[in-house]
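**Student:** Residues per chain, in single letters:
Number of protein chains: 2
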Amino acid sequence: MVAESTVGTNILDLARDHNVAIDAPCSGNASCGKCRVKLVSGKLESQQTMHITDEEFAEGWRLACTSKVTDSDAEILVPDIASAYRSRMKVADLSSGNELKLFYQSMEDLCDADISFKNEFFLLRLDLPEPSLEDTMPDNERLTWGIERATGVPHQKVSLTFHALKKLAKTLRDSDFHIQCVIEKNDLGIKVWNVLPEDENVKITGLAIDIGTTTVSGVLVDLRNGSILQRASTGNGQIRYGADVINRIIESVKPGGAKKLQDAVIKETINPMIAEMCKAEKMPVSWIYRICVAGNTTMNHLFLGVDANPVRMEPFIPSFFHTEAVRATDLKLYAASDAKVAIAPNIGSYVGGDITAGVLSSTIWARDTLSLFIDLGTNGEIVFGNSDFLMSCACSAGPAFEGGDISCGMRATDGAIEACHIDKKSMEPTFRIVGAVDQKPIGLCGSGLIDVIAELFRCGIINSKGKFVREGRRVRRDENGMGSYVIEFKENAASVKDIEINEVDIDNFIRAKGAIFSAINIMLSTLDMDVTMIDDIYVAGGIGSGINMKNAVMIGMLPDVELSKFHYIGNSSLTGAYAILCSKKAAEKVDTIARNMTYMELSTNPYYMDEFVGACFLPHTNEKLFPSVAKALKEES
Amino acid sequence: MVAESTVGTNILDLARDHNVAIDAPCSGNASCGKCRVKLVSGKLESQQTMHITDEEFAEGWRLACTSKVTDSDAEILVPDIASAYRSRMKVADLSSGNELKLFYQSMEDLCDADISFKNEFFLLRLDLPEPSLEDTMPDNERLTWGIERATGVPHQKVSLTFHALKKLAKTLRDSDFHIQCVIEKNDLGIKVWNVLPEDENVKITGLAIDIGTTTVSGVLVDLRNGSILQRASTGNGQIRYGADVINRIIESVKPGGAKKLQDAVIKETINPMIAEMCKAEKMPVSWIYRICVAGNTTMNHLFLGVDANPVRMEPFIPSFFHTEAVRATDLKLYAASDAKVAIAPNIGSYVGGDITAGVLSSTIWARDTLSLFIDLGTNGEIVFGNSDFLMSCACSAGPAFEGGDISCGMRATDGAIEACHIDKKSMEPTFRIVGAVDQKPIGLCGSGLIDVIAELFRCGIINSKGKFVREGRRVRRDENGMGSYVIEFKENAASVKDIEINEVDIDNFIRAKGAIFSAINIMLSTLDMDVTMIDDIYVAGGIGSGINMKNAVMIGMLPDVELSKFHYIGNSSLTGAYAILCSKKAAEKVDTIARNMTYMELSTNPYYMDEFVGACFLPHTNEKLFPSVAKALKEES
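So the protein lines, in turn, are chains Z and G.
For any residue, its number in our numbering is found by taking its place in the first sequence, counting from 1, and adding 704.
For any residue, its number in our numbering is found by taking its place in the second sequence, counting from 1, and adding 704.
Just chain Z, with the same shape it has in the complex (with noise of 0.2 Å):
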């Protein structure tokens, strides 16, 4: 960051200022510490924090949002370990992760539902009688003409966009009136996207994209066949933004901030992941005539730049659950101007375009069987149901499933540490890590968190508190007596210290787990029901390329039940996008999903309080709940 600034200038801001993105999950108020720089030289005026020791202070470490600029020639560092949640682009191979695809396609075997692929978007070939003196019929005639002579379709209902107008006459021309057309064919008529010359290799594409608060994934699709181009995956640009929906909103509220949210998220977010899949892919990103994007209901409120505050506010109103008001011209993003942003719809302030989504891509609305759909990410949601009702609740996880709160968590990015196996007597870890066989580690994804965890109780080195018990090369203790563990040590991470998870770690996990099973428990006890009742658990979220499922069961995050019934689906929000991007049907089924899906409030409920505190123990402090664990653990011993 080569920046000059005035005195008295906060580097937190100063960074924001200037797109230089710092992991800030608590929006700068110095509660979180992960926005840690490195003063290389010169001076700032900085307020040491719990979060920095005095040796690291020594070295040069500040949190950024408590520091000032003093010196305009201070150079500061912002170390590798933030660029794990920094904006990047990780264009993914076709032939890596194809579980997107075969996920949407093997719905058609789970059920009979009619989402199969079909869409209005075809290639017509034309040729044109040249115009003479004789038939001067104007092109964009000549064009409707020669369309309901290959289609059938009149040519009074043929229209054209600006961009096909626009590039008509050129078109004919240098391609002697042999054209190709981008048609879409509805019940209307016909409409004509793009004119190209007949030898041109022309694609029709649509773009499916999930905002999450904390990753933004996309993929380009082939609207003729629905085949996956390209993928794309980034952290969200608003994250210096605050790590929660609730920051942004109040960030968003200040002046000019509604602006500052969507360009961060379209801008610096979206736009650029667009430009790198579509020079992949070769291909103009005008190229893209239609977008479906799924984001909770505030994400999508910012996404639009719409008011987010209401949002937030009792009585908790969005500015809509479903429109259909918005072009890609509108909102700037880089696509055919006419496309078409179709949004998910929201069922409320806390349920949103993802989780009606995911529901779509999960199918459990398809079957009588009782399905239970949790996705795991900032706000946990829970959807119970089949096809004949569907009850949905929300609860704060918080960022700990995508490594917020977490001292040493991360994104599932090139680094992560996703899964692990620690030795019950030698205490030593063996895990496997997100990236190239030589990837040194950088810290815990979700799924790495979740073994780690587990495994440090099913070992007997933390109790069911989540405190540790027993002692070792790897468990530490500082002057307060907080225990930790080292996953790794500095030496051989690529990492500026130790990979280290300590109580308040643990803590944090517990309660966001605590959460997720609470919210699972008192919905099926409102509906009367137990999980031994649940046919099938659909796991959806950014939590890792792979979650360990009898692990989750062992800390008691997921419910007790046989481990075939679970089924972790992914990123289902993306997939249930490009559902709907590709699918007429699926864009209905998606609304009747959502207009069918009934919300039950969990705050207000008086149970759920004392089911809280009752999950957040490992496993939980009913252990009839988790009869497996029990057994595991009396194994083990």
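One should not assume that every hint holds.
Which copy is meant is left open, because identical chains are indistinguishable; a pair holds if it fits in one copy or across any two.
[Claimed, not checked] Below, simulated BS3-like cross-link-like pairs (lysine-lysine); rule was C-alpha separation at most 27 Å, straight line:
| hint | residue 1 | residue 2 |
| --- | --- | --- |
| 1 | LYS874 | LYS971 |
| 2 | LYS1288 | LYS861 |
| 3 | LYS971 | LYS1036 |
| 4 | LYS772 | LYS907 |
| 5 | LYS861 | LYS889 |
| 6 | LYS1044 | LYS874 |
| 7 | LYS874 | LYS964 |
| 8 | LYS1036 | LYS874 |
| 9 | LYS963 | LYS874 |
| 10 | LYS747 | LYS958 |
| 11 | LYS1269 | LYS874 |
| 12 | LYS772 | LYS958 |
| 13 | LYS1254 | LYS1335 |
Note that these hints are calculated values from the structure, not bench results.
Here the structure of chain Z is known, so what remains is to put chain G in place on it, guided by the hints.
**Tutor:** Only chain G this time, still in chain Z's reference frame:
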């Protein structure tokens, strides 16, 4: 003009690059002599042409198109005489010149055609119930249900523009859910264009624009009652790329040319005009909800940025006659971004939307009697017919009617001599000038030219070939014997030289009027008719605030019929655009007119050249065509 440039840069190019309008009707070919600039200090490499005398050259006068930078410190003055053509803004006050409105209203008296004022925009007041924890409907549904209750239109058929959606949350809460909505109601349902607080002084406006090759005029209209809120007129910024459509098209075909020509008319001409009108009306430009544009085929192609080259090249094919594809946002026009841009339909490459709109407003299509419609512009267009048929033709009159190709010619703006009388004996003129009482003359506009030439002819100062045959203080001969007449000496003029009309000017004007009259005559002959069968003649165009019909007949420009049959209808293109903007019926009618109007190609007509040559006399070689002129001349002598 303060501009840095490298040695060798052409001054006209330099001025174009820096958006300094220098009048250049011939587009820089050194043939028109209009692009005079004065070297104040420093040096220029200039070619002296026949347009600059030795004396003038010594004074520093140069043609911009034949001058190059040799000295980076050169100071060049773009003189006031050029400013008559410079893009400028003139918002006329409402008290003056209400003919537009009156003429439109009189249509209903003239005929029973149902194109009365009626459109689909309304202002709706709504008092919505405030949300609560028991009533958590999202804002947009609260609005659409409220509209259903107020109008009976089902809420599913009410849609919001993105602009309305974006403002909704804040507007509702700022005004305690008591709001006003700008709605458009049609057969399909209701579209909500805007939401505003209940106490705001709301306007619902539309914009009608006539894009002339030389002049752009517009009116800002209250869509609720059709009243004209503001009027404006300004030079078409494209003028520096050539005076006529052919030169403009040639410029537009160069790399980046289409964008340049589009910017010249939108960014430099129309948008500033809109901004000025909205400022005067104290309203944001986003309160313009509909736009209607009338212009000739080339003008509306360049306006849209559509390739205009095929319009000029055989077989002369426009991209469109009619298009519904355009919205304000596509052109970055200052208006509500979704505002539809209706374009008066073309019927061919040389009869465009200005004529269909003009014919609409003339109402000749609504009567049984036979009418002739004449639009005097850079292109002359003639339409003849009645409620049974309409036949059109076009001729290239050149820019003479708007002051082009005439050494002292100018548009009908401040300083233009618009009417003239010459005393037969003394040969001294008296004249009327456009502008303030103390306005000094700058040049001659079209109506002034007609008067001057008619008076010179009536007084026997020029003969029927346009050559000077009397001598006097105001009549001069140059070294080649070419005669000229001084209308005003430079001491009394706001001009850098005497306001003088010479035989070349008169010849240019005679060819322009000859083109018009021969087109009329050929068309009538083709239909086996003659001038006596004409019931009414409607003369349109920006030739001046009034046209002396007797003088127009005197010089053989218009047919020799009773003066009571002539009707000067001013800018009929703008009037038509206004009608289309305000009246759905008018919009339908102009399409019917366009579809039914036939086009007669003059350039391939075997009699046209003979007719044209015959018409290039004052009044005509065939005196029998102008019996009243012969009679008047006889009385004079």
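**Student:** Now, for every hint given, state plainly whether the structure supports it.
**Tutor:** Status of each hint after checking the structure:
Taking identical chains as interchangeable, the C-alpha atoms of LYS874 and LYS971 lie at most 27 Å apart only when they sit on different chains, with a minimum of 24 Å there against 32 Å within one chain. With identical chains, the CA atoms of LYS1288 and LYS861 are at most 27 Å apart both within one copy (21 Å) and between copies (20 Å). In this assembly of identical chains, LYS971 and LYS1036 lie within 27 Å of each other by CA distance both inside one copy and across copies; the values are 8 Å within and 20 Å between. Proximity of LYS772 to LYS907 under the C-alpha cut-off of 27 Å is found in neither arrangement, the shortest distances being 51 Å within a copy and 49 Å between copies.
In this assembly of identical chains, LYS861 and LYS889 lie within 27 Å of each other by CA distance both inside one copy and across copies; the values are 10 Å within and 22 Å between. Taking the closest pair of Cα atoms, LYS1044 and LYS874 come within 27 Å of each other both inside a single copy (26 Å) and across two copies (25 Å). For the homomeric pair LYS874 and LYS964, the shortest alpha-carbon distance between copies (18 Å) is at most 27 Å, but the shortest distance inside one copy (39 Å) is not. For a Cα distance limit of 27 Å, the shortest separation of LYS1036 from LYS874 qualifies both inside one copy, at 26 Å, and across copies, at 22 Å.
Proximity of LYS963 and LYS874 under a CA criterion of 27 Å is satisfied inter-copy only: 15 Å between copies versus 38 Å inside one chain copy. For the homomeric pair LYS747 and LYS958, neither the shortest alpha-carbon distance inside one copy (30 Å) nor that between copies (57 Å) is at most 27 Å. Taking the closest pair of Cα atoms, LYS1269 and LYS874 never come within 27 Å of each other, the shortest separation being 59 Å inside a single copy and 46 Å across copies. When the C-alpha separation of LYS772 and LYS958 is checked against a cutoff of 27 Å, the pair qualifies only within one copy, where the shortest distance is 21 Å, while the shortest distance between copies is 54 Å.
Taking the shortest alpha-carbon separations for LYS1254 and LYS1335, only the intra-copy value of 13 Å comes in at or below 27 Å, while the best inter-copy value is 113 Å.
Hint check: violations occur at hints 4, 10, 11; the rest are consistent with the structure.
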